[in-house]
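Number of protein chains: 2
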Amino acid sequence: MSVTDDLLANNADYAANFNGPLPLPPAKGVAVVACMDARINVYGVLGLQEGEAHVIRNAGGVITDDEIRSLAISQRLLGTTEIILIHHTDCGMLTFTDDDFKKSIQDDTGIKPQWSAEAFGDLDTDVRQSIARIKANPFVPNKDSIRGFVFDVATGKLNEVS
Amino acid sequence: MSVTDDLLANNADYAANFNGPLPLPPAKGVAVVACMDARINVYGVLGLQEGEAHVIRNAGGVITDDEIRSLAISQRLLGTTEIILIHHTDCGMLTFTDDDFKKSIQDDTGIKPQWSAEAFGDLDTDVRQSIARIKANPFVPNKDSIRGFVFDVATGKLNEVS
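Heads up: the sequence lines are chains S and X, in that order.
Every letter in the first sequence is one number past the one before it in our numbering, and letter 103, counting from 1, is 103.
Every letter in the second sequence is one number past the one before it in our numbering, and letter 116, counting from 1, is 1116.
Worth flagging that the hints you see were computed from the coordinates, not collected in a lab.
Idealized CB from N, CA, C, for every residue including glycine.
Some hints here could point you the wrong way.
Said to hold, decoys possible - Here are the computed distance ranges between Cβ atoms for each label pair:
no. : chain 1 : residue 1 : chain 2 : residue 2 : range
1   : S       : Pro23     : X       : Pro1141   : 17 to 23 Å
2   : S       : Ser104    : X       : Gln1049   : 37 to 43 Å
3   : X       : Asp1144   : S       : Gly47     : 34 to 40 Å
4   : S       : Asn10     : X       : Asn1019   : 17 to 23 Å
5   : S       : Asn17     : X       : Ala1009   : 37 to 43 Å
To be verified - Straight-line alpha carbon distances no greater than 25 Å define the calculated SDA-like cross-link-like pairs of lysine to any residue that follow:
no. : chain 1 : residue 1 : chain 2 : residue 2
6   : S       : Lys112    : X       : Thr1081
7   : X       : Lys1143   : X       : Gln1114
8   : S       : Lys143    : S       : Lys112
9   : X       : Lys1143   : S       : Glu160
10  : X       : Lys1143   : X       : Gln1129
11  : S       : Lys28     : X       : Gly1092
12  : S       : Lys28     : X       : Asn1011
13  : X       : Lys1143   : S       : Asp124
14  : X       : Lys1135   : X       : Ser1116
15  : S       : Lys143    : S       : Glu160
16  : S       : Lys112    : X       : Asn1011
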């Protein structure tokens, strides 16, 4: 049995108590962009219920073209107006540099990725960087409520970056 | 009060019952790539607990360079070996075309996005497309367990795409 098989068994329990379908547009009009870190259960952290918010996640919770694509679809086609960014303490992205990571991939595969690894050295600075990238982008129309937070993996608390 | 403020109030309740910190590497060695759809509570759907799996999400649950970046970091730096892809029924990505969406943005802003919107016409075909993109990519090393599913938003059930 793989871990995937174990998780599929869990899904049977989830489905047994499931009430659907809910409407497609997020009921709370919010899109969350968070790090992929395993310790951030976004629905738990924000007390979200199924159907309430779009959740976009990647390594670092950074803003690249793909997050802009997702936010543009979220706002333009599905009516969200608020954005919540979540980075977190003890983030893996603080532990390496783009140059070293891409060099290690090049050494292993013979090919250097053409993308940035998006590593960063300071949490608050990178939250502000993510907010700045959204604010500067022409494709995301609703920019009145873009707020960024650092999730503390020791306490479960969101601390806002001003 | 904005919705964001309401969700921050929820976070206080979450933190009051939180036990941390957990280790950084995902305990179950799994990375999930899922659509951002509000109705997919990934931790609930798979019965995941905090700390167990990386969760990567975007509009459609598609694989672009940013998901490859996240999967490369997940596998190479944090030891995951299995990948679970989750698309879902009633997906917004089935309701428009790249050309129409990008034309509407160009009409609104004067600028045509340089990225693909990644809309698709068939769920199973797009799950297979996502698997094929990962399998063809040199930067993701662990490809022995890449399985794709369609989450049924009416029943809560994951149906595997073969």
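Could you grab the alpha-carbon distance between S/Lys28 and X/Asn1011 and see if it respects the 25 Å cut-off? Holds: S/Lys28 and X/Asn1011 sit about 16 Å apart, inside 25 Å.
Take a quick look at whether X/Lys1143 and X/Gln1129 sit within 25 Å of each other, Cα to Cα. 15 Å, holds
Does the Cβ-Cβ separation between X/Asp1144 and S/Gly47 fall within 34 to 40 Å? Holds, at about 37 Å.
Given the hinted pair X/Lys1143 and X/Gln1114, is their Cα-Cα distance within 25 Å? Since the Cα atoms of X/Lys1143 and X/Gln1114 sit roughly 30 Å apart, the hinted pair is violated (cutoff 25 Å).
Check the hint pairing S/Lys143 with S/Lys112 against an upper bound of 25 Å on the C-alpha distance. Given pair S/Lys143, S/Lys112 is violated - Cα atoms ~35 Å apart, limit 25 Å.
How does the Cβ-Cβ distance of S/Asn17 and X/Ala1009 compare with 37 to 43 Å: does it lie in that range? With a Cβ separation near 26 Å, S/Asn17 and X/Ala1009 fall outside 37 to 43 Å, so the hint is violated.
Is it true that the CA of X/Lys1135 sits at most 25 Å from the CA of X/Ser1116? The given pair, whose Cα atoms are some 20 Å apart, holds under the 25 Å limit.
Is the hinted range of 37 to 43 Å satisfied by the C-beta distance from S/Ser104 to X/Gln1049? 31 Å, violated
Are the Cα atoms of S/Lys143 and S/Glu160 separated by 25 Å or less? 17 Å, holds
With respect to the beta-carbon atoms only, verify the hint that S/Pro23 and X/Pro1141 lie 17 to 23 Å apart. 40 Å, violated
Taking only the CA atoms, is the gap from X/Lys1143 to S/Asp124 under or equal to 25 Å? Violated, at roughly 35 Å.
Are S/Lys112 and X/Thr1081 close enough, with their CA atoms no more than 25 Å apart? 22 Å, holds
Hint check: violations occur at hints 1, 2, 5, 7, 8, 9, 13, 16; the rest are consistent with the structure.
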